[in-house]
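Visitor: The numbering of the sequence shown is numbering that gives the first Met the number 0, which starts it at 0 and goes up by one.
Careful, some of the hints might be misleading.
[Stated by the list, open to error] List time: in silico BS3-like cross-link candidates among lysine-lysine, alpha-carbon distance up to 25 Å:
no. : residue 1 : residue 2
1   : Lys12     : Lys50
2   : Lys178    : Lys21
3   : Lys168    : Lys178
4   : Lys73     : Lys7
5   : Lys21     : Lys168
6   : Lys175    : Lys203
7   : Lys50     : Lys14
8   : Lys21     : Lys50
9   : Lys168    : Lys220
[Said to hold, decoys possible] With beta-carbon atoms standing in for the labels, derived distance ranges:
no. : residue 1 : residue 2 : range
10  : Glu207    : Asp300    : 44 to 52 Å
11  : Leu313    : Ser246    : 35 to 43 Å
12  : Asn184    : Arg296    : 35 to 43 Å
13  : Thr8      : His248    : 45 to 53 Å
14  : Asp226    : Asn184    : 48 to 56 Å
The hints are simulated quantities; they were obtained by calculation from the structure and are not laboratory data. Ideal placement from N, C-alpha and C gives every residue a C-beta, glycine not left out.
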Amino acid sequence: MDCNLAPKTLCAKLKRGNLELKIEEAVLPPENLFGFAERRNPKRAFLFVSKVLGRHIPVRPSVMAASFNSLADKIPADLPGPVLFIGMAETAVGLGAGVHRAFSASRSDSVYLTSTRHPLGTELFTRFEEEHSHASAHLLHLPVDPSIREMMLQAQSLVMVDDEASTGKTFINLHKALKNAGLKNLKRVVTCVLTDWSNGAVRKAIGESAETAALISGSYKFHENLDSPLPEMPDVGSVSTGKWPLSAHRDWGRLGVQHVEDTLGLNLQFQPGEKVIVIGTGEFVWRPFLLAERLERAGVDVHFSSTTRSPIALGHTIEHAMSFSDNYGLGIPNFLYNVEAGQFDRVLICTETPAQALSSELIKPLNAEVICDEK
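Based on the sequences and whatever the hints tell you, model everything.
Guide: Right, here's the structure in full:
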């Protein structure tokens with residue numbers, strides 16, 4: 000990572016150019032929080048790969064929870080309520096849930112809602128674009144529960160959670176979409192990210208009501224190699240109902256929640272010394288994380304990770320990749336990074352779809368057990 004630049008400057012040499020970072024504030028050494036990778040995406044070459052997120056790199060649940068708590072501590076305690084938290088699909092839906100859990104431990108006037116790329120068949124509130132993404136469209140459903148819906152619609156504070164902010168444009172797009180859809184009472188806005196490279200873009204666009212909570216902040220420059228060929232990106236942008244439609248009755252965030260129960264794998268038994276990984280699938284990560292967290296509290300040697308529709312090239316922090324068909328029946332490729340056969344004694348793959356929806360190309364190489372959300 001170090002390219003012999005100034006002490007607070009990092010860089011990564013990618014095939015499509017050089018990425019240069021200037022670190023201005025950090026709660027931990029940058030190398031403990033993130034690494035680099037190269038997207039298989041012609042719209043943006045670089046990717047900041049979090050080491051505390053549990054998405055592209057297996058992470059201990061306690062490490063993830065510490066990042067939730069650290070971010071929640073940076074959110075102003077005096078936000079007027081109700082407070083609406085929104086976690087960005089798919090990468091940050093678990094992060095958003097964790098930050099909301101930590102924040103809501105001291106007050107009861109907040110609600111958590113995730114963006115999604117899966118229509119539930121219920122009423123949509125709005126949609127917005129993540130323009131640089133491999134899957135740019137996001138949906139926000141209107142909560143079905145009357146009390147949750149009222150909290151959302153009357154929200155005076157908005158906390159938007161993502162793993163990183165490069166330009167801040169997605170946050171700006173979301174804020175605009177919410178205002179246009181009818182959120183008229185917002186007085187305070189907080190962007191909440193692990194790494195913030197946006198140089199205050201949201202505050203500049205929204206005004207003095209906006210502020211940022213981040214574990215690392217700074218700025219970046221990407222020096223593009225114009226002679227480098229652009230990659231072919233798999234078609235992973237589907238926003239539709241697949242072969243395995245989702246149930247609104249087993250919601251954990253797409254329709255808004257204040258609390259999510261720990262319900263998965265309640266009868267699992269483990270041998271002393273077993274090395275275990277719990278894997279969430281796509282947007283279904285929060286209940287799997289709660290399972291992993293429970294196992295760690297019980298003394299199990301456990302890590303957490305997730306499948307994703309994000310296409311990333313091998314190299315830098317991406318040392319291994321598996322590709323397989325998605326478990327929602329959309330016919331798009333999904334990926335699992337940095338998890339290899341034989342790396343763990345037991346692999347638990349958690350899904351909100353039926354077990355038969357999971358690809359054998361994921362299950363068989365890892366000799367995985369499937370745990371379905373049957374609440």
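Visitor: The structure should be examined with respect to each hint, and the outcome stated for every one.
Guide: Hint check:
1. Lys12 / Lys50: 19 Å, holds
2. Lys178 / Lys21: 33 Å, violated
3. Lys168 / Lys178: 15 Å, holds
4. Lys73 / Lys7: Since the Cα atoms of Lys73 and Lys7 sit roughly 22 Å apart, the hinted pair holds (cutoff 25 Å).
5. Lys21 / Lys168: Answer holds: Lys21 to Lys168 is near 20 Å, not above 25 Å.
6. Lys175 / Lys203: 14 Å, holds
7. Lys50 / Lys14: 22 Å, holds
8. Lys21 / Lys50: Satisfied, since the Cα-Cα distance of roughly 19 Å is no more than 25 Å.
9. Lys168 / Lys220: With Cα atoms ~16 Å apart, Lys168 and Lys220 stay inside 25 Å; holds.
10. Glu207 / Asp300: 44 to 52 Å: Cβ of Glu207 to Cβ of Asp300: about 48 Å, so the range 44 to 52 Å holds.
11. Leu313 / Ser246: 35 to 43 Å: 36 Å, holds
12. Asn184 / Arg296: 35 to 43 Å: 39 Å, holds
13. Thr8 / His248: 45 to 53 Å: 50 Å, holds
14. Asp226 / Asn184: 48 to 56 Å: For Asn184 against Asp226, whose Cβ atoms are near 51 Å apart, the range 48 to 56 Å holds.
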